Amino acid sequence: MQKVVKTALAALSFAAVTASPSLAADPIKIGSVLSATGPAAFLGEPEAKTLQLYVEKVNAAGGLLGRKLELVTYDDGSDAAKANGFAKRLIEDDKVDVILGGTTTGATMGMVPLVEKGEIPFISLAGAVVIVEPTKKWVFKTPHTDRMAAEKIFADMKKRGLTKLALVSETSGFGQSGRKETIASAAKAGIEIVADETYGPKDTDVTAQLTKIKGLAGTQAILVFGLGQGPAIVTKNIAQLGITLPHYESHGVASEEYIKLSGAAAEGVRLPAAALIVADALPASDPQKPVVTGYAKAYADAFKSEVSTFGGHAYDALMIYADAVKRAGTTDKAKVRDAIEATKGFVGTGGVVNMKADDHMGLDLSAFRMLEIKGGKWTLVD
Amino acid sequence: MSQFLQLLFSGLTVGATYALSALGFSMIYNASGVINFAQGEFIMLGGMVAAVLTASGLPLPLAVLAAIVVVALVGLIVEKLAIEPARDADITSIIIITIGVSMIVRGVVEVTMGKGSRALPHFSGETPIALGGATLLPQSLWVMAVTAVVVAGLAVFFGRTRLGKGILATAHNRLAAQLVGVDVKKVLLTSFGLAAALGAVGGVLIAPIATTSYDAGLMLGLKGFVAATFGGLGSGVGAIAGGVLLGLIETMTAGYVSSSYKDAVPFVLVLVILVVRPRGLFGLGPSERV
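Protein chains in written order, with the working numbering: chain A, 1 to 382; chain B, 1001 to 1290.
The following block holds chain B by itself, in its conformation from the complex (with noise of 0.2 angstroms):
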């Protein structure tokens, strides 16, 4: 029992971290329908330029603050100088441009940072609560406590906001939104500050946990890119769904079969889900969007 007890603690910890991950490609898809490659580099960045701060000597709040709002501007200035130019090309182009600009964000921060791994302290102490013979580290509280607060936040800002549901309306049809008066420019600027500060975000809840390097971004993006589409893309509680039940999976396969399969059965699953229903657990049909 208290096997089973640690594995889901461990499966909820990994599910929260691939979720905000999953998360930012939600909201990018939402908006533009293109799938943001760079995102798992805003996570990446988010990680690496708090620990920077901290080890430079600020204190942790100040730095963690300061890593979001820099991956805001950076989410801000890719959309500026990569995206927009190009927002008339197709979807294709545009999702290749997203992985030209992931790489050059790691080359970056590969030559700027350092290419070796860095970690942040724990938010709150690194004593372990012993949970009914588990145990389970206060920052996965952290992860899954600001991965809720973040889903219910997004979940008004879409349903609430006029700027919510403008990104919502633009997703649907850009040319009747821009006739209703929506600032189709905004909109995609804003989409991308907020899924890369929703990155940094979760970059600086993971590094303390995970550590991070210049390279952690490739596969914390490609984790998150396969809860989304297992989730299905676009949709909040999807991305949320999609995030806890690939951590789950692949615990449980570690733990019960072997961790030599860790890494397949999720993949496995989400192919045999794609099959049976393609927009994925809770995507909505194109039509049924807004």
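Chain A with its partners taken away, still in its complex shape (with noise of 0.2 angstroms):
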């Protein structure tokens, strides 16, 4: 649990002293605590292997400011309790630069006093809006939020003509949060919420809540927003009962995984996503094009796995944070923490990130695409 990660190597780092001696500065540390085992694991472990691969390649290409890039990792085994005090072992013990993650929304909530009280740059890399909203000084994040998801889902529905949708959502963390948003956000967007039902993260089988939705007359669509194989088994068993309203997941399940586990059920299913998943689908003039297809083929050649969006946010802060270091000229806190705010035009796998003071996220609604599943395969809907 407490592995230390020390990826720049010491023979590595010997042998880059002893050919440039102008490398001999001491290392930017950056600091990180991911959940890279336990339930959120899915999630930690991409972001995890993404770190330590960008700041290897860093490194190989001279490092950022002449000095080497170390990363100081803890794993918080998806205890969201755990993340406080690794936060706090960054900042006092290891005295690291900058901390990126917080896997999950709990985890990065645990570590936003220290790291405000600690005045130290904050990327987090968990979803929920309370992260940025209210703003906080030295808090970052870089996923899309849950809001933002139901948002571009409102809008699909209103160009097919679709407002009354039957709502089922995870006990999860994710799932509640956004039922949460969509249910905030759904009146203004004029969307009628007609069935609101839950299901575990654990569940075996959802007929039960579905039978009730088919039974609702004048539904038109069904909104799942649930995270890894719950939403699977959702769209097992809507296939089963022989329910044709249009279908809609959250960005949660915007993985292989989820083609996969739910097989043929999930043909027209639709959901927000970031571009990374369609990487080779999107047109050669998309700004995004370059960035997304070199994270993939960087990530699937060094670790021989399919890239998931998670992994992606992971890149998406550390190179925020260069960026900002490259503009800022130093590295100092202060200095660094305006640079990040003033973040324009910064092209990730996330979408087009343009920061401003009451917005620490950056991302707006085109930085979801709106994907069907077709042929067991991602196509972008517009």
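Bear in mind the hints are in silico, worked out from the structure with no lab data behind them. These numbers come from a predicted model, not from an experiment. All C-beta atoms in this analysis are idealised placements derived from N, C-alpha and C, irrespective of residue type, glycine included.
Pair by pair, the computed Cβ-Cβ distance ranges are: (1) Ser1258(B) / Arg327(A): 48 to 54 angstroms; (2) Gly242(A) / Ala1148(B): 26 to 32 angstroms; (3) Ser1056(B) / Glu267(A): 24 to 30 angstroms; (4) Gly62(A) / Ile1096(B): 52 to 58 angstroms; (5) His1172(B) / Ala302(A): 56 to 62 angstroms; (6) Lys289(A) / Leu1062(B): 41 to 47 angstroms.
Computed footprint of chain A on chain B; a stretch qualifies when at least three of its residues, placed anywhere within it, have a C-beta under 8 angstroms from a C-beta of chain A: (7) 1114 to 1128; (8) 1210 to 1218.
Dock chain to chain to rebuild the complex, using the hints, since each chain is given by itself in its own frame.
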């Protein structure tokens, strides 16, 4: 659990030091607390691998401001309560220059008071709106929010002339936050929530809830808000009950695993997701094309596994920090913080980032692409 | 009406999976008085091994058989390495050992087979069977039928065979059983191997419907334990009744009340049952068990 990954291997840095004396300066310390094991590992593991891979890449390319990067990672085991302790250690013992991570919203919020007090730039990899609303001086985040997902889905529903939505949300933190945001922003978008059902993340059957929805007159679409294997079971159950309503999923299932687990039942399902998932299908004119294809290829080459949007969040966080350090010309924490807040037109895997003093995420709805699953593959709707 | 029928089918499917899990608990409880908290992991392991084998190209029936054999072996190894050395310890210590075993199994699977979820192909296709306006997956019939066969098999095993009777006798009074010539060591070993195999059977049956992952055993084990307590620990009929009732109550609550209370209602009910009838619906007092 307390495994410290020192990516700047002693041998490597020794070779670098002897080769070019200008790199002898102290390394820039990148601290991170991720959920590399435990239930959130499917998020945290690709994030941890991505940070490791890109710290090595940055170092191989000569480092940042002529200094090497050194990654200090702690695994909170998906236990939000532990994240706080690790953040403390990063700030007080490891004396890091920046903290990336907090795989989950819970872990992130546990670290927020410490980074605010310790005045250290902090880029979270978790989803919920609460992280950046209200804006906190030192806290930034890279992933899209659940509110954006809901808004993107509403916009697509409107285009198809659908207004009555049945909501099925997971009782996990992600699902409940999604449920809250969906209900909160529905009225403004002119969408009526006609059913509000829930299921547990480890439930093996959701047909009871779906039977209820099936019996409701006037329902025009179903939205499932969940992560991991739960939505796949809901999808299979929808097919089993012969429900043919338009079916939306959240960005939480934007990984190959969902298609693999749901099989034929996933045909026609729509969901908002980052461009990374459809890297190959993007038109060449798309500004994100080179970034997402580059990252997808590097990740696949290094780890022989499919990329997920989650690893992309870690890539974005590291690169936003690197970009800010270059512009600030120093690792001075206050100056780097100001530089992160001034990020404009940064093209990441999650979208084009334009931070503002009151917007510490910097993404708009264009960062989400509406995808449809056709023939077992992701395709772009618009 | 069709809604009720659909809820009934759903409840029976879920209930049958709980029942299979509950049977494993009852089995080991019968043999040793121990509640084996690693039972859920046996279920998970069965599903995972079968899924990994089919993914690597093995035909489904072979993968299923191999998974059951592998998990039964794991059950034997667990008994030999973890339970047997501690057989003179009191029951509580052994129960705690089983919790440790469950963590080890989960960890090993996480490291060797990955953290992602896996699905197993359905045994006889995914085309739902329509019945009175409701639908039922062929796989659900598999789950229910196999559960019934297993229960019948266990009834014969415990009631008619020497080994089965030996297991019951050992559970009742180890010393007396030993005196009349029952090989007590073998009894415990057999029951662990059987319970593990039983778990694996449940795991491969459920995996096509529910998908499986390294941490799936926790919930299945918990629900199985609740079902077993509900029906009466150590009773085969009780395990089945407890499982099916639990499944039905859950789906009916989700269907007619609210899915938010789905998990709470059965637990509250179990508490009530335990207060009113502490040994569960079909459980027998210690003196009546043999």
